[in-house]
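Colleague: Working from the sequences, and respecting the hints, build out all of it.
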Amino acid sequence: MAEAAAVHSSGPPLSRRARWSPREAALGIAFCLPALAGLGVFVVFPLFQAVFLSTRSTDINGNPSRPAGWSNFSALFTAQFGDVLLHTLLFTLFVVVVGVALPLALAVPLAQRLPGMKVLRTLFTLPFAYSASAASVVWLLMLDPSMSPVNWLLRLVGITPPGWTTESPWALLTVAWATVWVVGAFNLLVLGAGLAGVDEEVVEAARIDGATGGRLFVSVILPMISPSVFFAVVTTTLSALQALGQVQVMTDGGPNGSTSTLVYSIFNHAFENGNNDYGLASAQGLVLLLVGIALAAVQFGLVERRVHYT
Amino acid sequence: MTLLREVTLPRTDGPSEPVTLRKVHTTVDRSLRQVIGALALALAAVSAAGCSAATGSGGSSSGANSTAAPAASALDGKGEVDVSFWHAMTGTNGQELQTLVDQFNKAHAGKIKVTLNFKGTYDDALAAYKNASPSQRPDLIQMYDIGTRYMIDSKSIIPMQSFIDTDKYSVADIQPNIAGYYTVDGKLYSMPFNTSMPLLYLNKEAFEKAGLDPDKPPTTLDEIMADAKKIKATKGETVSYGFGASLYGWFTEQWDALGDVTTCNQDNGRTGRATQADIDNPTSEKLLQWWQQMVDQGLAEKLDSNTTNGDNAFGSGTVAMSLESTGSLGGFVQSAAQAKHPFTVGTGFFPKVSASDAGGPIIGGASLWTVNTGNSAKERASWELVKFLADQKTQVAWHTATGYFPISKGALDDPADKAWVARKPQFQTAITQLQNTKLSYATQGCSVGVMPDMRKDVENAEQAVVLQGKDVKQSLAAAQKTADAQIAAYNAKLG
Amino acid sequence: MSRTADSTPPAVRRRRSLNAPSRAVTAATYFWLAVAAVALLFPVLLTVVGGLLPEGRLDSSPPELFGGHYSFGSYATALHEKVVPLLPAFGNSLFVGLVIMAAHLITSCLAAYALVFVRTPLRRPVFWLVMATIMVPYEAIVVPNALFVRSMGLENSRWALVLPFLANGFGVFLLRQAFLQFPAELRQAALIDGCGHLRFLFSIVLPAVRPSLTALAVWSFLQGWNMYFWPLIISSSNNSMNTLQTGVFALQSNEGTQHALVLAGVTLTLIPTLLLVVFGQRWLVRGFMAGAVK
Numbered sequence: 002m003a004e005a006a007a008v009h010s011s012g013p014p015l016s017r018r019a020r021w022s023p024r025e026a027a028l029g030i031a032f033c034l035p036a037l038a039g040l041g042v043f044v045v046f047p048l049f050q051a052v053f054l055s056t057r058s059t060d061i062n063g064n065p066s067r068p069a070g071w072s073n074f075s076a077l078f079t080a081q082f083g084d085v086l087l088h089t090l091l092f093t094l095f096v097v098v099v100g101v102a103l104p105l106a107l108a109v110p111l112a113q114r115l116p117g118m119k120v121l122r123t124l125f126t127l128p129f130a131y132s133a134s135a136a137s138v139v140w141l142l143m144l145d146p147s148m149s150p151v152n153w154l155l156r157l158v159g160i161t162p163p164g165w166t167t168e169s170p171w172a173l174l175t176v177a178w179a180t181v182w183v184v185g186a187f188n189l190l191v192l193g194a195g196l197a198g199v200d201e202e203v204v205e206a207a208r209i210d211g212a213t214g215g216r217l218f219v220s221v222i223l224p225m226i227s228p229s230v231f232f233a234v235v236t237t238t239l240s241a242l243q244a245l246g247q248v249q250v251m252t253d254g255g256p257n258g259s260t261s262t263l264v265y266s267i268f269n270h271a272f273e274n275g276n277n278d279y280g281l282a283s284a285q286g287l288v289l290l291l292v293g294i295a296l297a298a299v300q301f302g303l304v305e306r307r308v309h310y311t
Numbered sequence: 021m022t023l024l025r026e027v028t029l030p031r032t033d034g035p036s037e038p039v040t041l042r043k044v045h046t047t048v049d050r051s052l053r054q055v056i057g058a059l060a061l062a063l064a065a066v067s068a069a070g071c072s073a074a075t076g077s078g079g080s081s082s083g084a085n086s087t088a089a090p091a092a093s094a095l096d097g098k099g100e101v102d103v104s105f106w107h108a109m110t111g112t113n114g115q116e117l118q119t120l121v122d123q124f125n126k127a128h129a130g131k132i133k134v135t136l137n138f139k140g141t142y143d144d145a146l147a148a149y150k151n152a153s154p155s156q157r158p159d160l161i162q163m164y165d166i167g168t169r170y171m172i173d174s175k176s177i178i179p180m181q182s183f184i185d186t187d188k189y190s191v192a193d194i195q196p197n198i199a200g201y202y203t204v205d206g207k208l209y210s211m212p213f214n215t216s217m218p219l220l221y222l223n224k225e226a227f228e229k230a231g232l233d234p235d236k237p238p239t240t241l242d243e244i245m246a247d248a249k250k251i252k253a254t255k256g257e258t259v260s261y262g263f264g265a266s267l268y269g270w271f272t273e274q275w276d277a278l279g280d281v282t283t284c285n286q287d288n289g290r291t292g293r294a295t296q297a298d299i300d301n302p303t304s305e306k307l308l309q310w311w312q313q314m315v316d317q318g319l320a321e322k323l324d325s326n327t328t329n330g331d332n333a334f335g336s337g338t339v340a341m342s343l344e345s346t347g348s349l350g351g352f353v354q355s356a357a358q359a360k361h362p363f364t365v366g367t368g369f370f371p372k373v374s375a376s377d378a379g380g381p382i383i384g385g386a387s388l389w390t391v392n393t394g395n396s397a398k399e400r401a402s403w404e405l406v407k408f409l410a411d412q413k414t415q416v417a418w419h420t421a422t423g424y425f426p427i428s429k430g431a432l433d434d435p436a437d438k439a440w441v442a443r444k445p446q447f448q449t450a451i452t453q454l455q456n457t458k459l460s461y462a463t464q465g466c467s468v469g470v471m472p473d474m475r476k477d478v479e480n481a482e483q484a485v486v487l488q489g490k491d492v493k494q495s496l497a498a499a500q501k502t503a504d505a506q507i508a509a510y511n512a513k514l515g
Numbered sequence: 149m150s151r152t153a154d155s156t157p158p159a160v161r162r163r164r165s166l167n168a169p170s171r172a173v174t175a176a177t178y179f180w181l182a183v184a185a186v187a188l189l190f191p192v193l194l195t196v197v198g199g200l201l202p203e204g205r206l207d208s209s210p211p212e213l214f215g216g217h218y219s220f221g222s223y224a225t226a227l228h229e230k231v232v233p234l235l236p237a238f239g240n241s242l243f244v245g246l247v248i249m250a251a252h253l254i255t256s257c258l259a260a261y262a263l264v265f266v267r268t269p270l271r272r273p274v275f276w277l278v279m280a281t282i283m284v285p286y287e288a289i290v291v292p293n294a295l296f297v298r299s300m301g302l303e304n305s306r307w308a309l310v311l312p313f314l315a316n317g318f319g320v321f322l323l324r325q326a327f328l329q330f331p332a333e334l335r336q337a338a339l340i341d342g343c344g345h346l347r348f349l350f351s352i353v354l355p356a357v358r359p360s361l362t363a364l365a366v367w368s369f370l371q372g373w374n375m376y377f378w379p380l381i382i383s384s385s386n387n388s389m390n391t392l393q394t395g396v397f398a399l400q401s402n403e404g405t406q407h408a409l410v411l412a413g414v415t416l417t418l419i420p421t422l423l424l425v426v427f428g429q430r431w432l433v434r435g436f437m438a439g440a441v442k
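Residue numbers (our numbering), protein chains in the order written: chain A, 2 to 311; chain B, 21 to 515; chain C, 149 to 442.
Quick caveat, the hints were computed from the structure, so don't treat them as lab data. Everything hinted at is true.
Taking lysine-lysine and the BS3-like style, the derived pairs with C-alpha atoms no more than 30 Å apart in a straight line are:
| no. | chain 1 | residue 1 | chain 2 | residue 2 |
| --- | --- | --- | --- | --- |
| 1 | B | K407 | C | K230 |
| 2 | B | K126 | C | K230 |
| 3 | B | K444 | B | K224 |
| 4 | B | K413 | C | K230 |
| 5 | C | K230 | B | K131 |
| 6 | C | K230 | B | K438 |
Modeller: Printed below as a string of structure tokens:
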């Protein structure tokens, strides 16, 4: 395996001279061109425009008007924005941890060859079909103060249900959970695929050697599915950073701004309540971009080292 | 670059890789540098283009177009004129609007064709409007009440007054209390269309069980508290709370108007441009203290500003009293019949904060704006549609189908309308409430460009007080500070 | 590397059955899965059944889903919706979903292949650039994108709905991960056989990474299918290109919520995506079984 892998990128020894052949290079560029063109025109180019917008204030009709100097950026150094960053951090943490751990806790039992597992796996992936707003509408109903089946169940066992969207620590949890519900279903797909690719011989050998249960999982199975786990962590982080619908529909940033995340703040300043503060929204957008890059750097830099690619 | 190289090494392969990579980089460096240089130049050009493109964003004011309203002759010889109408009506309201527009199109076949374009929420419609270039704006747009000042300041519309003056159109039939909201400096800027009023809703069975008379509903907040206490003390009540309503900013605006309080200076922005908010006033303070006490004493259900939750609270029979607009009546009656413990819906006047309050509620909702597109035929056609929608007969149909309050005075005297109201006595409450209201600056409501933001600031204060247990005065003062800053920023943009 | 019990020696097979999960573990597994199913799938049940209940029926605490009249009345109302007629809206959403799915698959396959198998110059920087685009928040670039699409004079065309979303960094990332795990000796064998890049890609690589392709296809389709805000901003004055999501939103009453109607609408939007997920599963599982043969 090792030699095969070593040969993978460097090519057969004979073609060393031909390694940087212009034809290969041209082919490579041609293959990348559609994606790069699309991304360049519709993501990178507007990003530069957003940078430009962040240095300007907009008039009441949404046109960038006077130069605003650093005022859009100095607005980022307020306590309020600090709270927004904190909410974003907590939200992302919850969504990533629960959004990967929960599907894992489901995928592992589901990977066993027991009757009904295939059906169950399909069922558990269904929430992925919901859009963010559809999921929010349904969970709003599920946790409605007056009609919630969840509350009814809790009362049945003697627990007083908290105010899911009305009490401060719970509101953030609720919108994060609505996100986990959708994202976790996709991760179940990904982790299930990873588990299906696990080599049974290796697991069997480990079991013969005496590894069981938790130890088997942590030292044998987990490393083997680490590419899938890594992928799930990276994509869940990005989804969590950009989750908007849940906050909009369920709490609208409340109570009193305690579920206001970064992307909600951006959308709010750009489009809600008759606002058209594209300057401030762009500045905050750049912050979000930096946060994303920082997290990705951490993940690729530190976490990926522990990933075992076959 | 160093980090990348180290990171990718363990991932790809064995020992031969590092050598390969380094060698690769040195041989390709020269051509790479050329490529990178070219890319950098391209990027610079692109960002320069991006900057100039960004300045030309949509929504520039068409101040060049005159705001004089075209006369009827503008339609002559133009064939069939297309009118695009942006709206935010959903559910049965939207269906009814489509029906009315179909009627209009039939009556004006070959001359005017109106196309409805649903634009999501009022917020979405406003965002779409602002982002549209002048050539892509609709001919007619429905905009919520709190967007009024912005629409005027945008200089992109033709005031209704222009059409009224050109045609010598009689406004005698329009309810003055309703038109007052959209009138600034004696000029009517937009035609009111769908207006609703706030009401108190009550669960008649719950009232009776507690020994209260559902036909004598409470009229002040203190009376609500007393009634809620009685309901709480009654054994065998099917409701869990005496009271429950959404922390909706619109309600607070109503309470302030009832208390004859202006919520922004310059007479609610009606005699001059408003520069300051007056959110932290005694009426609002009293109101929030009351609400905090109600929740703390278990008399009111803890709800946030989401009106869906508030509606569910009443419709499911969880609370005995609630606040909502006249339009919700139909839905409530339907839910009440299907609730676990079915009940009858009763209505009362929107409660006052203090018994001595002498003001009245603000008529809110949305209105129709004719956009200054520069195309006189379309502008004229839009006005024809507006006249049709404001017409007495149309208003009767609109009222009876949606529950929105008719803007036409004559509509209330129409036999079909009267018969409908007789079948639904709850609507009489709204009518009486309106007729008892005197038009004043307070009941005209605050007119300021950042009204939607101001409403959200008030909601934040309410949430802070009721849901987070914060101090009333502090929360209202904080909201006022925020609102003042928003108003100042808005006014600065105009200068 | 075998996967079935058939090819293992009898001694191992016997030992394997000895080490099979005990009855207690199996029972615990089923119990845990059952609890999770109730907690996680009840909302789906609520969505589907809720639309079948008479209006107002859901307004009880807790909502009574069982034992009552079921009717398709709400579905009928939803489909006869005049404000945003659902059939054209369905057409728009389907167009957007399919076009974006196809575009993502094509652009991501090609780009990911080039980044892994082809000696492309600037492989690493390109990958990082692509990753960076995933992190750009969509809300911050909506306005510039709208300007650009408008300036191209496209706002009356359905293509305006999909143009900014034809390429996506996520797809490149996903497929690159899948390609990186592709056994290298197969590439070697193909090269020796004189197989060119394109043939290698289409006949050998793509069939082997079917699970990832399916996952990307499903994800991309949903991105397009679930679009709400962009069509509102970009459509011209009287050409409504409303999608199904806007249509469902239009079902909600301005005053007071009709739950059954809204849930019926939500279910209607879910049906295609649910079908996609269910059948995508089958393809995924088949892909797993095939991919497990290494």
